[in-house]
Amino acid sequence: GAVVSQHPSWVICKSGTSVKIECRSLDFQATTMFWYRQFPKQSLMLMATSNEGSKATYEQGVEKDKFLINHASLTLSTLTVTSAHPEDSSFYICSAKDTVNTGELFFGEGSRLTVL
Amino acid sequence: QQQVKQSPQSLIVQKGGISIINCAYENTAFDYFPWYQQFPGKGPALLIAIRPDVSEKKEGRFTISFNKSAKQFSLHIMDSQPGDSATYFCAASRGAGNKLTFGGGTRVLVKP
Chain A
25 GAVVSQHPSW VICKSGTSVK IECRSLDFQA TTMFWYRQFP KQSLMLMATS NEGSKATYEQ
85 GVEKDKFLIN HASLTLSTLT VTSAHPEDSS FYICSAKDTV NTGELFFGEG SRLTVL
Chain B
418 QQQVKQSPQS LIVQKGGISI INCAYENTAF DYFPWYQQFP GKGPALLIAI RPDVSEKKEG
478 RFTISFNKSA KQFSLHIMDS QPGDSATYFC AASRGAGNKL TFGGGTRVLV KP
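Protein sequence lines, in the order shown, are assigned to chains A and B.
The opening position of the first sequence corresponds to residue 25 in the numbering used here, with each subsequent residue numbered one higher.
The opening position of the second sequence corresponds to residue 418 in the numbering used here, with each subsequent residue numbered one higher.
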């Protein structure tokens, strides 16, 4: 099946620093990617829709200046958590839509962010 | 507003038994209903999905039942195995490949 890679798989940072998480579609093109966050023992909550070559669409209540999304190519979207604080600690998961072939969604393995 | 409600929150079943998870949705614009399996520390993986034009879909030991009038759908895991122990999420979207609204999740434990 199609593969979506996230990097890093886990990261620890100090409060006040910024962290970038990458989401890559390895064997298909994805003009649309989605970013979710998941707190322990909770469901996935959609943060934003990332569109290649245009601005991301954020869900209500998600701070766009806090969570910067860049979808610069057909295979890469990045999520930057700016000025991270302990409450930003979470599991961040991306999914990518195989735009050209099947239209299916494929999820990455997630990135665990811990802010000290 | 929780658009997709999932129950139960947790479930314990003996090996060989049947696991049943139920979901209800509110938005009638949803027309794609997938189920995902998630292991700890991993991303969700698609198990099976259904569209409202069919009432049931089976793939191996996994079956989705869909009731359009009641706006409900369920996942049945037949002959449950310890390796099925995971968290299961139902979801819904307007068209396949579009943004998903997830249910709250069900943690399934299959005892040997």
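Quick caveat, the hints were computed from the structure, so don't treat them as lab data.
Hints may be right or wrong, so weigh each one.
[What the hints assert, rightly or not] Taking lysine-lysine pairs in the DSSO-like style, the calculated list, with each CA pair at most 30 Å apart, reads: (1) B:K474 / B:K516; (2) B:K422 / B:K432; (3) B:K488 / A:K38; (4) A:K38 / B:K475; (5) B:K528 / B:K432; (6) B:K488 / A:K65; (7) B:K475 / A:K90; (8) B:K516 / A:K79; (9) A:K90 / B:K459; (10) B:K485 / A:K44; (11) B:K485 / B:K474; (12) B:K475 / A:K88; (13) B:K474 / B:K528; (14) B:K459 / A:K65; (15) B:K528 / A:K44; (16) A:K65 / B:K474; (17) B:K485 / B:K528; (18) A:K88 / B:K422; (19) B:K475 / B:K488; (20) A:K65 / A:K88; (21) A:K88 / B:K528; (22) A:K65 / B:K475; (23) B:K422 / B:K459; (24) B:K516 / A:K65; (25) A:K79 / A:K38; (26) B:K488 / B:K516; (27) A:K79 / B:K459; (28) B:K422 / A:K65; (29) B:K474 / A:K79.
Small disclaimer: the values here were computed from a predicted structure and weren't measured.
Going through the hints against the structure:
Restraint check: the Cα-Cα separation between K474 (chain B) and K516 (chain B) comes to about 22 Å, which is no more than 30 Å; the hinted pair holds. Between the alpha carbons of K422 (chain B) and K432 (chain B) the distance comes to roughly 27 Å, so the proposed pair stays at or under 30 Å and holds. As the CA atoms of K488 (chain B) and K38 (chain A) are separated by approximately 46 Å, the hinted pair breaks the 30 Å bound. Distance check on the hinted pair: K38 (chain A) and K475 (chain B) sit about 48 Å apart at the alpha-carbon level, beyond 30 Å; violated.
Restraint check for K528 (chain B) and K432 (chain B): satisfied, since their Cα atoms lie roughly 6 Å apart, inside the 30 Å limit. For the given pair, K488 (chain B) sits about 26 Å from K65 (chain A) by alpha-carbon distance, which is consistent with the 30 Å threshold. A threshold of 30 Å between alpha carbons decides the hint, and for K475 (chain B) with K90 (chain A) the separation of about 43 Å lies outside it, so the pair is violated. For the proposed pair K516 (chain B) and K79 (chain A), the alpha carbon gap of about 16 Å is at most 30 Å, so the pair holds.
With a CA separation close to 25 Å, the supplied pair K90 (chain A) and K459 (chain B) stays within the 30 Å bound. A hinted pair counts as satisfied when its Cα atoms are at most 30 Å apart, and K485 (chain B) with K44 (chain A) does not qualify at roughly 42 Å. A C-alpha spacing of about 14 Å is found between K485 (chain B) and K474 (chain B), which places the hinted pair at or below 30 Å, so the restraint holds. Simply put, K475 (chain B) and K88 (chain A) have alpha-carbon atoms about 41 Å apart, too far for the 30 Å limit, and the pair is violated.
Among the hinted pairs, K474 (chain B) with K528 (chain B) is consistent with the structure: their alpha-carbon atoms are about 26 Å apart, no more than 30 Å. The straight-line distance between the Cα atoms of K459 (chain B) and K65 (chain A) is roughly 13 Å, inside the 30 Å bound, and the hint therefore holds. Between K528 (chain B) and K44 (chain A), the direct Cα distance comes to roughly 40 Å. Violation of the 30 Å bound is thereby established for this hinted pair. Proposed proximity of K65 (chain A) and K474 (chain B) is supported: the alpha carbons are some 28 Å apart, at most 30 Å.
Proposed proximity of K485 (chain B) and K528 (chain B) is contradicted: the alpha carbons are some 33 Å apart, above 30 Å. This hinted pair checks out: K88 (chain A) and K422 (chain B) have alpha carbons roughly 28 Å apart, not beyond 30 Å. Taking the CA atoms of K475 (chain B) and K488 (chain B), the gap is near 19 Å; set against the 30 Å cutoff, the hint holds. Under the criterion of a C-alpha separation no larger than 30 Å, the hint pairing K65 (chain A) with K88 (chain A) is consistent with the structure, at around 25 Å.
For a cut-off of 30 Å, the pair hint linking K88 (chain A) to K528 (chain B) is broken: about 44 Å separates their Cα positions. Proposed proximity of K65 (chain A) and K475 (chain B) is supported: the alpha carbons are some 28 Å apart, at most 30 Å. With a C-alpha separation of about 23 Å, the suggested pairing of K422 (chain B) with K459 (chain B) holds against the 30 Å cut-off. For the hint pairing K516 (chain B) with K65 (chain A), the CA-to-CA distance comes to about 21 Å; that is within 30 Å, so the pair holds.
A C-alpha spacing of about 28 Å is found between K79 (chain A) and K38 (chain A), which places the hinted pair at or below 30 Å, so the restraint holds. The hinted pair formed by K488 (chain B) and K516 (chain B) meets the criterion: a straight-line CA distance of about 19 Å does not exceed 30 Å. For the hint pairing K79 (chain A) with K459 (chain B), the CA-to-CA distance comes to about 28 Å; that is within 30 Å, so the pair holds. Between K422 (chain B) and K65 (chain A), the direct Cα distance comes to roughly 16 Å. Compliance with the 30 Å bound is thereby established for this hinted pair.
Proximity of K474 (chain B) to K79 (chain A) is assessed by CA-CA distance (about 38 Å); at most 30 Å being required, the pair is judged violated.
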